[in-house]
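Fit chain B to the known structure of chain A by using the hints.
As a plain string of letters, each chain reads:
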Amino acid sequence: MNGDPLADTGAPRGYDLLVRHLKDRAVKMGEWALGMVHDGWKAFDQGDLQAAQTVLDRDTQLDRLDEDMEHAAIAFLVLRQPAAVDLRTAAALLKITTHLDRIGRLGFDMARITLPGPDSEIPELAEIRSLLQQMDEVVEPMVQQSLDALGEDRIELARELFRRDDVVDRMHREANRLIIEGLEKNPTLARRLAADLLVAHHFERIADNSCKVGEKTIYALTGQRRSEYLPRHPFRPYALETSLPPPRGGSGSRSSPRGSGAKAP
Amino acid sequence: MESVKLRADHLTAFYGGKPAIQDISLEFPDRKVTAIIGPSGCGKSTLIRCLNRLHETAPRTRVEGKVLLDDEDIYQLDPVRVRRRIGMVFQKPNPFVTMSIYDNVSAAMRFNGRHTREELDHAVVHSLQQSALWEEVKDRVDAPATSLSGGQQQRLCIARALAADPEVLLMDEPCSALDPIATAKIEELVGRLKTDYTVVIVTHNMQQAARVADYTAFLYLGKLIEFGPTEDLFERPKEKLTESYITGRFG
Numbered sequence: 000m001n002g003d004p005l006a007d008t009g010a011p012r013g014y015d016l017l018v019r020h021l022k023d024r025a026v027k028m029g030e031w032a033l034g035m036v037h038d039g040w041k042a043f044d045q046g047d048l049q050a051a052q053t054v055l056d057r058d059t060q061l062d063r064l065d066e067d068m069e070h071a072a073i074a075f076l077v078l079r080q081p082a083a084v085d086l087r088t089a090a091a092l093l094k095i096t097t098h099l100d101r102i103g104r105l106g107f108d109m110a111r112i113t114l115p116g117p118d119s120e121i122p123e124l125a126e127i128r129s130l131l132q133q134m135d136e137v138v139e140p141m142v143q144q145s146l147d148a149l150g151e152d153r154i155e156l157a158r159e160l161f162r163r164d165d166v167v168d169r170m171h172r173e174a175n176r177l178i179i180e181g182l183e184k185n186p187t188l189a190r191r192l193a194a195d196l197l198v199a200h201h202f203e204r205i206a207d208n209s210c211k212v213g214e215k216t217i218y219a220l221t222g223q224r225r226s227e228y229l230p231r232h233p234f235r236p237y238a239l240e241t242s243l244p245p246p247r248g249g250s251g252s253r254s255s256p257r258g259s260g261a262k263a264p
Numbered sequence: 000m001e002s003v004k005l006r007a008d009h010l011t012a013f014y015g016g017k018p019a020i021q022d023i024s025l026e027f028p029d030r031k032v033t034a035i036i037g038p039s040g041c042g043k044s045t046l047i048r049c050l051n052r053l054h055e056t057a058p059r060t061r062v063e064g065k066v067l068l069d070d071e072d073i074y075q076l077d078p079v080r081v082r083r084r085i086g087m088v089f090q091k092p093n094p095f096v097t098m099s100i101y102d103n104v105s106a107a108m109r110f111n112g113r114h115t116r117e118e119l120d121h122a123v124v125h126s127l128q129q130s131a132l133w134e135e136v137k138d139r140v141d142a143p144a145t146s147l148s149g150g151q152q153q154r155l156c157i158a159r160a161l162a163a164d165p166e167v168l169l170m171d172e173p174c175s176a177l178d179p180i181a182t183a184k185i186e187e188l189v190g191r192l193k194t195d196y197t198v199v200i201v202t203h204n205m206q207q208a209a210r211v212a213d214y215t216a217f218l219y220l221g222k223l224i225e226f227g228p229t230e231d232l233f234e235r236p237k238e239k240l241t242e243s244y245i246t247g248r249f250g
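These protein sequence lines map, in sequence, to chains A and B.
Per numbering that gives the first Met the number 0, residue 0 is the first one in the first sequence, and the count goes up by one each step.
Per numbering that gives the first Met the number 0, residue 0 is the first one in the second sequence, and the count goes up by one each step.
Treat each hint with caution, since some may be false.
[As the list claims (entries may be wrong)] Facing chain B, from chain A, some residues (calculated, C-beta under 8 angstroms): (1) Y14; (2) A74; (3) Q80; (4) D85; (5) R87.
[Unchecked claim] Here are the computed distance ranges between Cβ atoms for each label pair: (6) B:D231 / A:Q132: 44 to 52 angstroms; (7) B:S148 / A:Y14: 44 to 52 angstroms; (8) A:E69 / B:K237: 25 to 33 angstroms; (9) B:D231 / A:P117: 37 to 45 angstroms; (10) B:F110 / A:H70: 56 to 64 angstroms; (11) B:S39 / A:H70: 29 to 37 angstroms; (12) A:E69 / B:F110: 57 to 65 angstroms.
If you're looking for bench data, these hints aren't it; they were derived computationally from the structure.
Even for Gly, the Cβ is constructed at its ideal location relative to N, Cα and C.
Chain A with its partners taken away, still in its complex shape (with noise of 0.2 angstroms):
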């Protein structure tokens, strides 16, 4: 319409170039983040404890990159007193930096707990580093699409997450399922075997965090809530759900691992 003083002209404004530069801030922190879970899963499963170290040595850069975010979303959210679409991108942002946070943290922890040696030149533990291998195939493009959504401002590649999640959800399963067996025909592996039950909890949870990123940039974009578009189903304990092995000594149903009388190694 012509004179109309709220027509889109297209034009850039200076609060959409702000907005602009608070998000491929927190794309360049996910960046470091994702580097930090690539790093820390390489380190863990060659057992090179010389790159852990260097994993380590980048949390320092992640918690600076976490309090500049927050400390600029902040200043945009008093300084500009956004609205809408505006204030939905700062409060989206708030969060997702937490999530980016404890990817990049997740992936620290990969790096802390790698044990010398490669884990793949011991016989038993081969299936289930192979599956590991697997989960870090599925989740490290998952954290890149989070980010590419939230900096391209794509829903569809948001909303791709959770169906992508939901295969991680499967593979964790199946890795407890193999550890848990492992653990009670190998106990001396158990420190391993250990570790690698955390690594596994850990692609979960930086599945998890990516699907939050989504989230919330489809909160950003649309101001729909999650709830609004994906029903939450029910979770039951995972003893009731997963193809857990019977205890040993166990009646031969499906009681939760933990109290099953397995013996520690």
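Leaving out everything else, chain B in the frame of chain A:
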């Protein structure tokens, strides 16, 4: 479901032959604060002036549609009685400059014939307390109204409006001439007034609307674009025009 105190029903208001607001239907919930926002010239002040029949006092003006106060069409009632029930506070503080603080507040009562000294005293104290001015003026109620600061004068005008015992209080940009401290006092006062009154406030300041209003209406080019709970309107507006306005996306 909240009860509705005041309702605009297909309201159109003209200056000469030109409509300033068009076909506005809007419900003002009882004992809530409703803000009206929109760019200059969108019809905010015209709308609020229609709500107590002030619009018709200007030359060559006309109103179509209805304004219902408790389901009674105010355009079928005596306008003086309407304005007693629906008080108004204006952009600039406008105390009666020749009168004292006391006389300003009691003016409406004296005009309406209720003038025993005891009744007047009670109403003056009560109104000044309600408008959060009593503590500041209790020792000098006989001082001229002009001796007060701008913010105090505005609260005096609110006290004067409240002394007429209205049911609805209309406020047309009541803080636009005030400094931030006086503005904060008025905003706090608005929050308290809604316990007893239905408040409609026109404001240019979107942050003010966000701070004080339970509901917000967005007007644009004389039309109601969106109305809803303030939080929803500022967080997730439904209309593209609202989004453009509140995010400052101007052409």
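Comparing the hints with the structure gives:
For Y14 (chain A), the interface hint holds, since its Cβ comes within 8 angstroms of a Cβ in chain B; the closest pair sits about 6 angstroms apart. Against a cut-off of 8 angstroms between C-beta atoms, the interface hint on A74 (chain A) is violated, since the closest Cβ of chain B lies about 16 angstroms away. Hint on Q80 (chain A) holds. Least Cβ distance to chain B is approximately 6 angstroms, under the 8 angstroms limit. With 8 angstroms as the threshold, the beta carbon of D85 (chain A) comes within range of chain B, its nearest partner Cβ sitting at about 5 angstroms, so the hint holds.
A hinted interface residue such as R87 (chain A) counts as satisfied when its beta carbon comes closer than 8 angstroms to some beta carbon of chain B; here the least separation is about 7 angstroms, so the hint holds. A hinted range of 44 to 52 angstroms for the beta carbons of D231 (chain B) and Q132 (chain A) is consistent with their spacing of about 47 angstroms. Distance hint check for S148 (chain B) and Y14 (chain A): the Cβ-Cβ separation is about 36 angstroms, which falls outside the suggested range of 44 to 52 angstroms. Checked against the hint of 25 to 33 angstroms, the pair E69 (chain A) and K237 (chain B) passes, with Cβ atoms roughly 31 angstroms apart.
Taking the beta carbon of each, D231 (chain B) and P117 (chain A) are about 56 angstroms apart, not inside 37 to 45 angstroms as hinted. Between F110 (chain B) and H70 (chain A) the Cβ separation comes to about 58 angstroms, which falls inside the hinted range of 56 to 64 angstroms. For the pair S39 (chain B) and H70 (chain A), the beta carbons lie near 35 angstroms from each other, so the given range of 29 to 37 angstroms is met. The hinted range of 57 to 65 angstroms is satisfied by E69 (chain A) and F110 (chain B), whose Cβ atoms lie roughly 58 angstroms apart.
In this structure, the earlier hints numbered 2, 7, 9 are contradicted, and the remaining ones agree with it.
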